[in-house]
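**Student:** Given next are the chains, with one letter for each unit.
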Amino acid sequence: MQEHVQLDQKQINHDLLRSVLTVPKWWLPAVLFLGMVVLTGLGSFAFMVYHGLGVTGLNRPVMWGFFIANFVFWIGISHAGIMISAILRLTQAEWRRPITRAAEVMTVFSLIAALHTPLFHVGRPWRVLYWILPYDFDRNIWPNIRSPFVWDPSAVGTYLIASTLFVFVCLLPDIAILRDRAKNVLVKKIYSFMCLGFRGTPRQWKLQILAGILLSALVLPVFVSVHSIVSWDFAVLIGVEGWHSTIFAPYFIIGAIHSGVSAVAMLMALAVWLYGLQNYIKPDHFDAIGRLLIIVATTWFFFFFLEWVYALYTLDSPEIALRELQAFQWPYGPLFALFVILSFVIPVPIWMIKRFRRSPMIMFWTTVMVNIGMWLERFLIIVPGLVRRTHMTFDWGTYHPSIIEILIVVETFAFVALGMLLFAKVFPLLPLFDIKEGMVFRHLIKVGRRTVPASIREGLPHHYYKEKH
Amino acid sequence: MPKRSVLGLYTDEDAAADALDNLRDVGFGDGEYDVLTGTPYPEGTFGEAEPKHNLYRWPLIGAICGFTIALLITVGTQTAYPLITGGKPILSIPPMAIIMYEGSMLGAIIFTVIGIIFESRLPRIFMGAYSEKITEGHIGVTVTTTEDKTSLAEEALEKAGAEGDIVRGWKE
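Top line first, the protein sequences correspond to chains C and A.
Counting in my numbering, the first sequence runs from 1 upward without gaps.
Counting in my numbering, the second sequence runs from 1 upward without gaps.
By construction, these hints were calculated from the structure, which means they are not laboratory data.
Bear in mind that the values here come from a model prediction, so they are computed numbers and not experimental data.
Certain hints may be false.
[To be verified] Here are the simulated lysine-lysine pairs, BS3-like style, with alpha carbons at most 27 Å apart:
no.: 1; chain 1: A; residue 1: Lys133; chain 2: A; residue 2: Lys159
no.: 2; chain 1: A; residue 1: Lys3; chain 2: C; residue 2: Lys188
no.: 3; chain 1: C; residue 1: Lys183; chain 2: C; residue 2: Lys425
no.: 4; chain 1: C; residue 1: Lys206; chain 2: A; residue 2: Lys88
no.: 5; chain 1: A; residue 1: Lys52; chain 2: A; residue 2: Lys3
no.: 6; chain 1: A; residue 1: Lys133; chain 2: C; residue 2: Lys206
no.: 7; chain 1: C; residue 1: Lys425; chain 2: C; residue 2: Lys446
no.: 8; chain 1: C; residue 1: Lys188; chain 2: C; residue 2: Lys25
no.: 9; chain 1: C; residue 1: Lys188; chain 2: C; residue 2: Lys425
no.: 10; chain 1: C; residue 1: Lys206; chain 2: C; residue 2: Lys25
no.: 11; chain 1: C; residue 1: Lys189; chain 2: A; residue 2: Lys159
no.: 12; chain 1: C; residue 1: Lys425; chain 2: A; residue 2: Lys149
no.: 13; chain 1: C; residue 1: Lys354; chain 2: C; residue 2: Lys189
no.: 14; chain 1: C; residue 1: Lys189; chain 2: A; residue 2: Lys133
no.: 15; chain 1: C; residue 1: Lys183; chain 2: C; residue 2: Lys25
no.: 16; chain 1: C; residue 1: Lys188; chain 2: C; residue 2: Lys206
no.: 17; chain 1: A; residue 1: Lys133; chain 2: A; residue 2: Lys149
no.: 18; chain 1: A; residue 1: Lys3; chain 2: A; residue 2: Lys149
no.: 19; chain 1: A; residue 1: Lys52; chain 2: C; residue 2: Lys10
no.: 20; chain 1: C; residue 1: Lys189; chain 2: C; residue 2: Lys206
no.: 21; chain 1: C; residue 1: Lys206; chain 2: C; residue 2: Lys10
no.: 22; chain 1: A; residue 1: Lys3; chain 2: A; residue 2: Lys159
no.: 23; chain 1: C; residue 1: Lys183; chain 2: A; residue 2: Lys133
no.: 24; chain 1: C; residue 1: Lys425; chain 2: C; residue 2: Lys25
no.: 25; chain 1: C; residue 1: Lys188; chain 2: A; residue 2: Lys159
[As the list claims (entries may be wrong)] Simulated restraints, written as ranges between beta carbons of each label pair:
no.: 26; chain 1: A; residue 1: Leu71; chain 2: C; residue 2: Ile190; range: 39 to 47 Å
no.: 27; chain 1: C; residue 1: Pro24; chain 2: A; residue 2: Gly27; range: 33 to 41 Å
no.: 28; chain 1: A; residue 1: Thr146; chain 2: C; residue 2: Gln278; range: 48 to 56 Å
no.: 29; chain 1: A; residue 1: Phe118; chain 2: C; residue 2: Leu42; range: 13 to 21 Å
no.: 30; chain 1: C; residue 1: Pro250; chain 2: A; residue 2: Gly161; range: 56 to 64 Å
no.: 31; chain 1: C; residue 1: Asp136; chain 2: A; residue 2: Glu50; range: 49 to 57 Å
no.: 32; chain 1: A; residue 1: Ile114; chain 2: C; residue 2: Leu7; range: 33 to 41 Å
[To be verified] On the chain A side, residues computed to face chain C include the following (Cβ under 7 Å):
no.: 33; residue: Asn22
no.: 34; residue: Thr79
no.: 35; residue: Tyr81
no.: 36; residue: Pro82
no.: 37; residue: Ile84
no.: 38; residue: Glu102
no.: 39; residue: Ala108
no.: 40; residue: Gly169
Glycine included, every Cβ here is placed at the ideal spot set by N, Cα and C.
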């Protein structure tokens, strides 16, 4: 049960709208810094467009490098955002209330960041339209739907549209609160327009609650499909050992959940520190997400282990050679060790201890570790498979990322951070109406000689209770 | 005759429920009054009628539309330029299923969102009588009726213990 804090609606408005209605001292320098990093990344991209893909470290046989590893990483982060929000909504878990919004918004920005890198990777992004949209009526060249590169944009596009609509619908009541609190006439008008005249009638609340449940139920299958399809970018190729694996779809999904739930925990700690939300995101919330992470990390490790067992048990010499390259040869060996240590060996034992799970500081640093590890995992799936010498390769070499690639990858991280900061300046990062509902439904009750916090859960329609009891 | 809306504000749920009882007693129908709150309450808290909706039909209609469009796109583009790649048939079911699945889900989600907005009776241009105190925790009971019945409504709202003055607003 969550730690009991009873706050009135006025206090909740005051606390949670502070980030929107006032400007913290650190905000502008942070936005300027992140903006400069984003501009540097975009400048690097412009440089790459002008000079060609030769300015990257990509060359035969390694034509997929940092960009694609980063794409898979951000798709993974985006997944758990909506996943955690949707699953917690569907199961009516009380601890969902303060974390759903930030998780959903992170999904949207992570997806946009994910889309950056493959678009940049193709060198001439505008030509991507030829691949994915059936629009070239003059030349009769249509997208080849048998290619995974058409499945990918259709899945990621669906997911991006779905997540954005999900965020928008769940924001309506909170925009109405902002409309009522805004002092500036123009700002008030903008919020009035955006909230579509939401007033909070029983019908609107009923639809709002149903929206959360129904959209969660619809987004979850899309979430599963997106990372499966991303894994099929690799798994349907028969020419690269280590990629052509039937376990890839579930393995990628659980990996995405591992990195994504970690990112949500990271975000919770940042929200507590930057916006002083300790009354809303409490040690109990970190404890709950920590317990979830133990399960997710262990399941992920099981899949990782299985992938290796399946590869090694075949005694297929190319496959074993690849695994040897991944785990024991320079420079991939040390990276592999680092990846396993950071993603599982260090964080999971720490999360086992309740005192550590309840600490925002420890949860923050352990989840940062997980995400460094999970980025390395994607890199180690993609690059060694291409580097390994095969019989039919007419030339070979290794891969060194260029400064251009590094700057573009850094840009994606700055972009997500900047997006979250800008979002939090315009809309509340915590869902006010959801938290207020929790306060309405939560009371202290006496059980024998103890007083404990309890939450009411509305199950059946009210006429049922009237008739039966 | 132009309609006018009035609003009474209450600090507790019982008083708001009493206001609805009073309104029904003096002859106002379900469509004429509404409760406005800053947070969702359990259904029927104020004795209001259960809102009816058809939201569950929207995703189904959307999914059918999305599936059809995706089917047309996949079949249409592949048969328009029937080039065999990788030895696969022109109309290869597994990749078509992926696009049709995503199309169906996209259609279902877009239609659900449209359905939520439509069934919530949004967008609403005229706010009627409204108070910013509602999003601070007050419970509003609003009545939208013809001008000659507003005094009756105001009386019913005040009798239930409305806090402060009754808020008046024009509907149209």
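**Student:** Tell me, in ascending order, the numbers of any earlier hints that this structure violates.
**Tutor:** Hint check: 4, 7, 10, 11, 12, 13, 19, 25, 27, 29, 33, 34, 36, 37, 40 fail, others pass.
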